[in-house]
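I would like the entire structure built from these sequences, with the hints used as guidance.
Add 18 to the 1-based position in the sequence shown for our numbering, that's all there is to it.
It should be emphasised that the hints constitute simulated quantities derived from the structure, not laboratory data. There may be inaccurate statements among the hints.
Computed spacing ranges between beta-carbons, pair by pair [as the list claims (entries may be wrong)]:
{"hint": "1", "residue 1": "Ala-403", "residue 2": "Ala-304", "range": "32 to 42 angstroms"}
{"hint": "2", "residue 1": "His-328", "residue 2": "Thr-215", "range": "49 to 59 angstroms"}
{"hint": "3", "residue 1": "Thr-218", "residue 2": "Pro-166", "range": "42 to 52 angstroms"}
{"hint": "4", "residue 1": "Arg-302", "residue 2": "Gly-75", "range": "48 to 58 angstroms"}
{"hint": "5", "residue 1": "Ala-304", "residue 2": "Leu-410", "range": "20 to 30 angstroms"}
{"hint": "6", "residue 1": "Leu-410", "residue 2": "Val-212", "range": "46 to 56 angstroms"}
{"hint": "7", "residue 1": "Trp-74", "residue 2": "Ala-194", "range": "28 to 38 angstroms"}
{"hint": "8", "residue 1": "Pro-239", "residue 2": "Arg-164", "range": "22 to 32 angstroms"}
The beta carbon of each residue, even a glycine, is placed where N, CA and C say it ideally should be.
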Amino acid sequence: MPAVTPRAPAPFPYRALRRYTGNRTASFALNASILATLLAASSAPTPLYPHYQDAWGLSALTITVVFSAYALALLLALLTTGSLSDHLGRRPVLAGALALGAVSMVLLATAGGAGDLITARILQGAATGAATSAAGAALLDLEDPRRPGRSALTNSIAPVAGMAAGVLVSTLLAPAGTVGVYLLPAALFAAQAVAVTFTTETARPHTGALRSLRPRLAVAPPARRALLVAGTAVVAIWALGGFYSSLGPSLVHLVAPTAPASAGGMVFFTLTAAATLTVWTLRRTAPRTAVTGGSLAVLPAGALALGALHGAGLPAVYGGAALAGIAFGAVSQGALRMTLTGLPEHDRAATLAAYYVLSYLSMSLPAIAAGAATQHYGLATATHAYAVATALLAVAALGALAAARHRGTRGAPHDLP
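In structure tokens, the structure reads:
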């Protein structure tokens, strides 16, 4: 019997390869823009909180409740829909969430009181929670083997860049009225909802969608140790973010009562801009090193915030916000890389949702506590307590990182800190 020489597979047509690569590139860019727009819309109300306080006589506690309504609704959405896109596919979940986001923006634009703000923020949180894990998982699905780590980096940098852009645009548009601040992201959400239907589905839809809606936290086993090691640092930096996002403008006006209204919004822009630059700068730094450096930055950030209350003035407020942003950027991108690297496709959305549950819980509950403390004891006292609490969290994080490193050098990587 004559030997049969196996025939080489036909080469993938160049035009098809170029179209395939182009589709993946466009889908990657779209999902990154969705993350950025979602977080831009979430931070857009921050510069407007003093306006709402003056116009409707709202207290600091009410403002933190408005802020936290968004974060808590987002948490509930993550707990229930965090793995939904693993079952239904990324596209339908993203399209529905973006449509809901557009509705929430219209409600914010037409709000007439605290109740309207809270309702709109709840809808916005639900939309953001459903879309965040789906878009983040889609970015991981679209990872380019020639550029490893790009997806985790984008999951880190797109949200903080979006928050910075949202605060800046809101500050610039606010003098002309609040309607334009919200209608712009509403239009972007509508356009993205249409665009996402034309992208290639990256997940493999399968049964169990209704069962996946039961509230639960699912962290893939390979990610558990990393999340335990970095978790305290994540709590510290997201708590700082919650403080500056909800009470930052009030702190600016307490320290400098004659400062222009835009100065209040720009303090959170300072934090998010510094975070964005830090994520990019440290993108090739070892993840654990980044988390350690970010935890260290929390300590002088709190010291500067306290210094502002004792005569250092606005430079200390903005310096503290910048250091808080550096801490936020370093810890968030390091922790995400530690947690997500090497996860299989079917675990990505649920694990990412668990990470954001921890993050937004850390952002919302301390902010509510700070608002209540401000109501009863004043903003200066609340700021002192907040600075001390975040410093203690940072010290605990440094201890956990050091213990994990020590256990690793002893050759027992399975031993949890």
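Okay, the hints, checked on the actual structure:
Our hint of 32 to 42 angstroms for Ala-403 and Ala-304 holds, since their Cβ atoms are close to 34 angstroms apart. In this structure the supplied range 49 to 59 angstroms holds for His-328 paired with Thr-215, their Cβ-Cβ distance being about 55 angstroms. Range check, Thr-218 to Pro-166: Cβ separation about 21 angstroms, and the 42 to 52 angstroms hint is violated. Distance hint check for Arg-302 and Gly-75: the Cβ-Cβ separation is about 50 angstroms, which falls inside the suggested range of 48 to 58 angstroms.
Checked against the hint of 20 to 30 angstroms, the C-beta distance between Ala-304 and Leu-410 comes to roughly 25 angstroms, which is consistent with it. Distance hint check for Leu-410 and Val-212: the Cβ-Cβ separation is about 48 angstroms, which falls inside the suggested range of 46 to 56 angstroms. Between Trp-74 and Ala-194 the Cβ separation comes to about 20 angstroms, which falls outside the hinted range of 28 to 38 angstroms. For the hinted restraint 22 to 32 angstroms between Pro-239 and Arg-164, the CB-CB distance of approximately 28 angstroms keeps it satisfied.
Checked against the numbered hints given earlier, this structure breaks hints 3 and 7; the rest are met.
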